[in-house]
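Starting from the known structure of chain A, fit chain B onto it as the hints suggest.
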Amino acid sequence: MITAIKPATVPLRFSLPIGGVAGTSFKPEHLPAILEAGPQAGFFEVHAENYMGAGGPPHRALETIRRDHPLSLHGVSMSIGGPQPLDKTHLARFRSLVARYQPALVSEHLAWSTHETSFFNDLLPLPYTEATLACVCNHIDQVQEAIRRPLLLENPSTYLTFCESAMSETDFIRGIVARTGCGLLLDINNVFVSATNHGFPALDYLADFPLAHVGEIHLAGHAEQTDDDGNLLLIDSHDGPVADAVWKLFEIIVARRGPVPTLIEWDSSIPAWPILRAEAAAAQAILDRCKLAAATEDRHAA
Amino acid sequence: MRRDADLGFAAAFAPPLLDPAREVPTAVAGRNGKPAGRRYDVYRNNVTVSLIETLAAIYPAVQRITGPDFFRAMARFHVRSSPPASPLLFEYGHDFPDFIAGYEHAQDMPWLADVARIERAWLDAYHAADALTLAPMRLFAIAPERLGDLVLAPHPATRIVRSPYAAVTIFAANRDSAPVARIDASTPEDALITRAEFDVVVRHLPPGGAVFAASLMSGQPLGAAAMAAFDASPEFDIAANIAGLIEAGAFTSLAAGDA
Numbered sequence: 001m002i003t004a005i006k007p008a009t010v011p012l013r014f015s016l017p018i019g020g021v022a023g024t025s026f027k028p029e030h031l032p033a034i035l036e037a038g039p040q041a042g043f044f045e046v047h048a049e050n051y052m053g054a055g056g057p058p059h060r061a062l063e064t065i066r067r068d069h070p071l072s073l074h075g076v077s078m079s080i081g082g083p084q085p086l087d088k089t090h091l092a093r094f095r096s097l098v099a100r101y102q103p104a105l106v107s108e109h110l111a112w113s114t115h116e117t118s119f120f121n122d123l124l125p126l127p128y129t130e131a132t133l134a135c136v137c138n139h140i141d142q143v144q145e146a147i148r149r150p151l152l153l154e155n156p157s158t159y160l161t162f163c164e165s166a167m168s169e170t171d172f173i174r175g176i177v178a179r180t181g182c183g184l185l186l187d188i189n190n191v192f193v194s195a196t197n198h199g200f201p202a203l204d205y206l207a208d209f210p211l212a213h214v215g216e217i218h219l220a221g222h223a224e225q226t227d228d229d230g231n232l233l234l235i236d237s238h239d240g241p242v243a244d245a246v247w248k249l250f251e252i253i254v255a256r257r258g259p260v261p262t263l264i265e266w267d268s269s270i271p272a273w274p275i276l277r278a279e280a281a282a283a284q285a286i287l288d289r290c291k292l293a294a295a296t297e298d299r300h301a302a
Numbered sequence: 001m002r003r004d005a006d007l008g009f010a011a012a013f014a015p016p017l018l019d020p021a022r023e024v025p026t027a028v029a030g031r032n033g034k035p036a037g038r039r040y041d042v043y044r045n046n047v048t049v050s051l052i053e054t055l056a057a058i059y060p061a062v063q064r065i066t067g068p069d070f071f072r073a074m075a076r077f078h079v080r081s082s083p084p085a086s087p088l089l090f091e092y093g094h095d096f097p098d099f100i101a102g103y104e105h106a107q108d109m110p111w112l113a114d115v116a117r118i119e120r121a122w123l124d125a126y127h128a129a130d131a132l133t134l135a136p137m138r139l140f141a142i143a144p145e146r147l148g149d150l151v152l153a154p155h156p157a158t159r160i161v162r163s164p165y166a167a168v169t170i171f172a173a174n175r176d177s178a179p180v181a182r183i184d185a186s187t188p189e190d191a192l193i194t195r196a197e198f199d200v201v202v203r204h205l206p207p208g209g210a211v212f213a214a215s216l217m218s219g220q221p222l223g224a225a226a227m228a229a230f231d232a233s234p235e236f237d238i239a240a241n242i243a244g245l246i247e248a249g250a251f252t253s254l255a256a257g258d259a
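Going down the list, the protein sequences come from chains A and B.
Going letter by letter, the first sequence gives residues 1 to 302 in full-length UniProt numbering.
Going letter by letter, the second sequence gives residues 1 to 259 in full-length UniProt numbering.
Pulled out of the complex, with its shape left as it was, chain B reads as follows:
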């Protein structure tokens, strides 16, 4: 039996943790009943700083691009407006790329949100379930007339991020510690993120590749996925794309369609 009046301590203690404009709660005290003041601020600091550091750990390339001061200021806004909804910190920050896209001080880096999307997908792939990848031999065993009906099951780690900017090149250059050469950010790039076994790999998809892979991942048969990819890009090379996706470990199994 719970007497709510006696258990209201968390409702009073929690709101000022992420809102510096709120007063320190009066139900708590320092030594000899003195106001808690800086003692309460220890909790405020623990919460805010640890969550900013969580975002910095998930988005190291974004931090390298912006520099730590810019990053921490941006992350602090996000932490205060969108604290984690799960105790699993590796799930935090899924809405951070959208926040970056709308962040007024990041408007001169329009590709930054897409770099963040690749970093978020990287961590999702890292923690995704383990699964055996499709052996290329399996494809050779399918009769040519049935290939169009083939349905492929995506590996739990597989992700696609599409960008109108050179997000993959910018991501790759900034996940490294080597100096970054000048990058032409205006070339559109699509990323394929996979984790065949234990290493997450980010690849740059060729023209039409993202539409093709996304169609297959959504359960479209091979024929329909290829049509969609040709529609998106006349340069689409079906053989190279199938081989590339399977070699990357994007799929786990295949099934001939019902048709």
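With the rest of the complex left out, here is chain A:
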């Protein structure tokens, strides 16, 4: 007989929704610095898969963080955009993480990562057709049924397009929202990366994007390469500070949408905690300016 320690649900200590606060990716190496600074106003986001082990230090760190801060659970491997049925075991693991940690935000990607039995550990692109739309919606229905709450679906960054695509990415996303009732995670860096890579204006994409359904924003850094013709090819690398152009788009979107939870996503070449925290503070300043402007407008209207 094994005397297992049963994981307990971590109690909520904040009200939902969390509103226009900035957060950061949670990296275990930052835990001592975060604890030393004391509870902060922002939220923390983790990749769900990193906490799907049975026990050990990862869960202890996440419980510690979650005790004093809202959490965002960001899935990266559900393979929602793939043609094959969702992995039921993985879905069950995702559901139990949501039940245990009661995250303020739960999100996944419009992408796929598993084909047959191989997991590719990347967010792979899909064509935008009626057939893929039906398949993606079916998968989102299953996820939302499992977790008993709306999922925020993230727009992808892409480097190529499928010849068979019959609709724009924004039409596709609009169709998903209409059919499944899911929310959206708008990754502004992804929009900027895709716009640069495919040669369309990011603002056109954003004008077409169903902003009213956006429940979270992601901001991240990208790297630069070139394609075979020497065109600039941006890589969604999450390994540096947010680019000026992305900050500019963020200000425009926040003014249009109003303040929503905003994450600074930084996953490799991870800096010291104060640097990541300063990026979040910059996002918070923009969100706060917007709140102030809205309050001023209210006063003028009154």
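Hints listed in this document are in silico derivations from the structure and should not be mistaken for laboratory results.
The reader is advised that the hints may include incorrect statements.
What the hints assert, rightly or not - A few chain B residues facing chain A, derived, Cβ under 10 angstroms: (1) Asn45; (2) Ala85; (3) His127; (4) Leu139; (5) Arg146.
Stated by the list, open to error - Restraint-style ranges between C-beta atoms, simulated for each label pair: (6) Thr26(B) with Met167(A): 17 to 23 angstroms; (7) His105(B) with Arg67(A): 20 to 26 angstroms; (8) Pro179(B) with Glu29(A): 45 to 51 angstroms.
Stated by the list, open to error - In silico contact screen, one side only, chain A against chain B (beta carbon under 8 angstroms); selected entries: (9) Asn121; (10) Ile235; (11) Asp239.
For every residue, glycine included, the Cβ atom is placed at its ideal position computed from N, Cα and C.
Chain B only, in chain A's frame:
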């Protein structure tokens, strides 16, 4: 209702990701319908490099021993022939030690695969379920005549790795950043990996200890496990081994046998 013909994109997109000999898929394009070329290669690179880095994170001592260039070349072969079968990356690489054992350029480091086995067991222990460890006091409460029938339940984190080489010493020296002194690799060493609470600890088991611990973990009663350990090594010290295993947190509970 699924029309498979319209959903074949993944079957065409996936195979060249890990096979550089395959052509870039023609169903995808760059700007203005131009061949995808380097744009597809971004995905190839993301997949291959991220999986090599996953192995490097699981096997830091192996990488320190071989150096990064050797390691990345070896890992690239493995990633291409055995991509992950689970989206949980901390489960990846269970067959990497066997791959290393058969890797032609690693034949002059016959202990390398065992060092990898310890590193893999280390990560398994790290993510294993939490459980309370057996308090030593519990053992003192058992009447001496019943000790032989005692059955101990292993902690979910407990692992044993046996090696005909000095794998534990090599592992320990290379998980550190300090300079590595010369090690005589020819001494056989067995490792006990435990995680009593939150720190994974790798210990070097004394003679007969691995047979003893493995027998207990497989559910053999204490008496039978001790006999097997004596058979394996006449120097086996039962009292020291029981005390060592319990102190390491290898077990969670005990039950007197049915006999």
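Results of checking the hints against the structure:
1. Asn45: With a closest approach of 9 angstroms, the Asn45(B) hint holds.
2. Ala85: 5 angstroms, holds
3. His127: This hint holds: His127(B) lies near chain A, its Cβ roughly 3 angstroms from the closest one there, short of 10 angstroms.
4. Leu139: 16 angstroms, violated
5. Arg146: 17 angstroms, violated
6. Thr26(B) with Met167(A): 17 to 23 angstroms: Check passed, 21 angstroms falls within 17 to 23 angstroms.
7. His105(B) with Arg67(A): 20 to 26 angstroms: Given range 20 to 26 angstroms: violated, Cβ gap about 49 angstroms.
8. Pro179(B) with Glu29(A): 45 to 51 angstroms: 24 angstroms, violated
9. Asn121: Holds: closest Cβ of chain B sits about 5 angstroms from Asn121(A), inside 8 angstroms.
10. Ile235: Holds - the Cβ of Ile235(A) comes within 8 angstroms of chain B, reaching about 6 angstroms at its closest.
11. Asp239: 12 angstroms, violated
Consistency note: the structure conflicts with the earlier hints numbered 4, 5, 7, 8 and 11.
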